[in-house]
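Here are the chains, one letter per residue:
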Amino acid sequence: MALDKKQIAQRIARELRDGYYVNLGIGIPTLVANYIPEGINVVLQSENGLLGMGPFPFEGEEDPDLINAGKQTITTVPGSAFFDSAMSFGMIRAGRVHLTVLGAMEVSEQGDIANWKIPGKMVKGMGGAMDLVASARNIIVAMMHTNPKGESKLLPQCTLPLTGIRCVKKIVSDLAVLDVTPAGFKLLERAPGVSVEEIVSKTAGKLIVEGDIPEIRF
Amino acid sequence: MALDKKQIAQRIARELRDGYYVNLGIGIPTLVANYIPEGINVVLQSENGLLGMGPFPFEGEEDPDLINAGKQTITTVPGSAFFDSAMSFGMIRAGRVHLTVLGAMEVSEQGDIANWKIPGKMVKGMGGAMDLVASARNIIVAMMHTNPKGESKLLPQCTLPLTGIRCVKKIVSDLAVLDVTPAGFKLLERAPGVSVEEIVSKTAGKLIVEGDIPEIRF
Amino acid sequence: MNKVYTDASDAIADIHDGAVLMLGGFGLCGIPEHCIAALVAKGVKGLTCISNNAGVDDFGIGLMLQQKQVKKMISSYVGENQEFERQLLSGELEVELIPQGTLALRCLAAGYGMPAVFTPAGVGTEVAEGKEVRRFNDKEYLMEMAFESDFALVKAWKGDTHGNLIFKDTARNFNPLMAMAGKITIAEVEMLVPAGELNPNEIHTPGIYVNRIFEGRNYEKRIEQRTVRPRS
Amino acid sequence: MNKVYTDASDAIADIHDGAVLMLGGFGLCGIPEHCIAALVAKGVKGLTCISNNAGVDDFGIGLMLQQKQVKKMISSYVGENQEFERQLLSGELEVELIPQGTLALRCLAAGYGMPAVFTPAGVGTEVAEGKEVRRFNDKEYLMEMAFESDFALVKAWKGDTHGNLIFKDTARNFNPLMAMAGKITIAEVEMLVPAGELNPNEIHTPGIYVNRIFEGRNYEKRIEQRTVRPRS
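Residue numbers (my numbering), protein chains in the order written: chain A, 1 to 218; chain B, 1001 to 1218; chain C, 2001 to 2232; chain D, 3001 to 3232.
No lab work stands behind these hints: they were computed from the structure.
Treat the hints with caution; some may be incorrect.
[To be verified] Pairs of lysine to any residue, SDA-like flavour, derived with a Cα cap of 20 Å: (1) B:K1121 / D:V3095; (2) A:K117 / C:G2091; (3) B:K1149 / B:T1159; (4) C:K2139 / D:E3132.
The shape of chain A in the complex, shown without the other chains:
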């Protein structure tokens, strides 16, 4: 069975290491914060100017001056720090953020990513996505393996306007976990009950399948 959004987030959370500074994008990536493994301390960066983002506030405790990059009211954890947007993207650009998790419309087998613009539709802007994908040390994409029409989102080349090139390192989709390697997508794990054949059929870009592919276990 394909993973649901929470399970995608849960699987991604296993990539966290103690001491990581992490930037989580809007959508599924945000959920990763709910599954941080025990014994592991990570610090969440919000690119609007915060290190040490905490959970949503209790009702009545919202502070209009304290939001995340998705403009949601949030809280801080002990040891947090505020800074301006130049420093925020400065620390991202300098590689101080260990891991960025974000969504995508398309990923190419070279690791290119498209996630900000659909020609003909109202374009809202790239926000911080172009900065994040161009700068982050390690980028994991969380997304559905196919689009609502059933077409693969893992392509030989992106068809949509690019957000960044050669930057995605890993994909966790509803069907599989894959690394982006110089030779193409490399299948690492499959969702419970999802066959390698199904993943192959739903991956349009070059896919490397070597040996036995284990199921993701929760």
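Using the hints provided, position chains B, C and D relative to the given structure of chain A.
Quick look at chains B, C and D alone, frame taken from chain A:
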């Protein structure tokens, strides 16, 4: 009679305008702070990271964490702010400091300045001088008109290694006040009792003398 | 050297048609809401607004869009409002979308007197079109130019009569950067205190960058996405 | 994720011969005096030191010069000490003098992931030799490269266990810039407190930039130029 150092500072202080942010170099320029005209508020910038520099502390009140760019213990005035060295030179580079006063070994008739290095002598470094002269909106040089050998320090071309080019706007020496114009040094005022002829004879660079040259009055 | 203005309309009185403005804030967080209200009341037109976002229909820059005061937006993320979309699709409004970090860096460049900066954001994308690409250490960067603007409108938490500013939480965002970048910087603050009352070590924007300051009353500080968790 | 070290010798234990170090401070103000003492005790050699100044004969980087641990200084102003001058004239020590603002900007560039920056400082002087000169809006600028260093040693007033730092007065100077620029940043602080005790709005250097932190005891904080005025 030639001006003494205090009088040079006193004359330069007349160039201050209300609301100016001012950077005063080491030596004579520092003395300018003692002659700020009444009714005029200026804020002193110290390039090691302070706006709102005050006078030296009373004995026993020195704080090792509070020094000026000459490494002297100082104080702050109400409304001061501390910042790092990047912001300090950033505000200088962006033209937010209205006036810089500094010393010089030589100034050329094009406004080039040399004040950091004498070949063959131990070179201590340019400190912030190159940044200041390359960036400041308005630069006034405070210096003796001649060197200890009696040679003019106002030259057609500097002979010493340059600190910056085409940057000096005005010179207040012990003998005269001069603007640096596209056509050369323009004599504006002379020290009390100093003749135009003496100034002419001690100015090696092109000197423009037009009309009556008033004496500086104190 | 009086920098203190009585209110927003006083502080923005000389903002003219066609001016290039920077407006601090991220979403509706930390926006100069009193300056915006005064600009709406003044009815100045043909503005270019550099701001990370464009407000919502009935708050923030959205209020200026309603009055058709904005000719061009330079932002990283827009379209939280209907009127914006309508004007964009009808061609009444020009929009230049730039990466958020690039927006920040171009403000910093202006504030620090750097004519241009290098960033990898947008390399290989349509953002790179027409821009100089340069390789350093096997990585490509775009050269992006410092912003030039006539006025920066920023909102701080506290300020003093010298123009020193302190921001609160994530309402800081672009505000200190734009405060440094504006040719004339106008700061509105929730609390204006006499010089000397702020700790000089806690100041985010030194007063040298601030030309005018006023205390705004009754801030609305609207929340765009109210998210809460249940009490356990 | 423990960043807290017991003392300076613990924190600098892996600094190796030939390392490139950044050392915060302006004159003797805000220098990492415990790290320097530990480097002297460790006897590491062949160091390149990026620091605005080079200390005095018996304090600051001067102590490392006495032990002939420094191969090269990159500074804006040096020579407040005799041993420095002797080594320089004898050719034992290499010195690269760069403008103070350029020093700051090259740290900022490293900390903000900008490979190079433009500054007008040094245009038309010997500092420009071998550098790319570029004209923007009728003004010339030098392209200066971001620093690369192995370790940054900085001194703060307060710090917490997450590595967040607060500096005091003009002891801030280059410290926050170098803290951002070091590949590994080691901070010594006068007061180390648990995470959560510092106000997140007052932090100058967020902990993300700090890899190691320790509390130094009995700071000497020597004054280089004691200047006072008479009590009236």
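State the violated hints by number, sorted upward, taking the hints as numbered earlier in the document.
-> Hint check: nothing fails, all pass.
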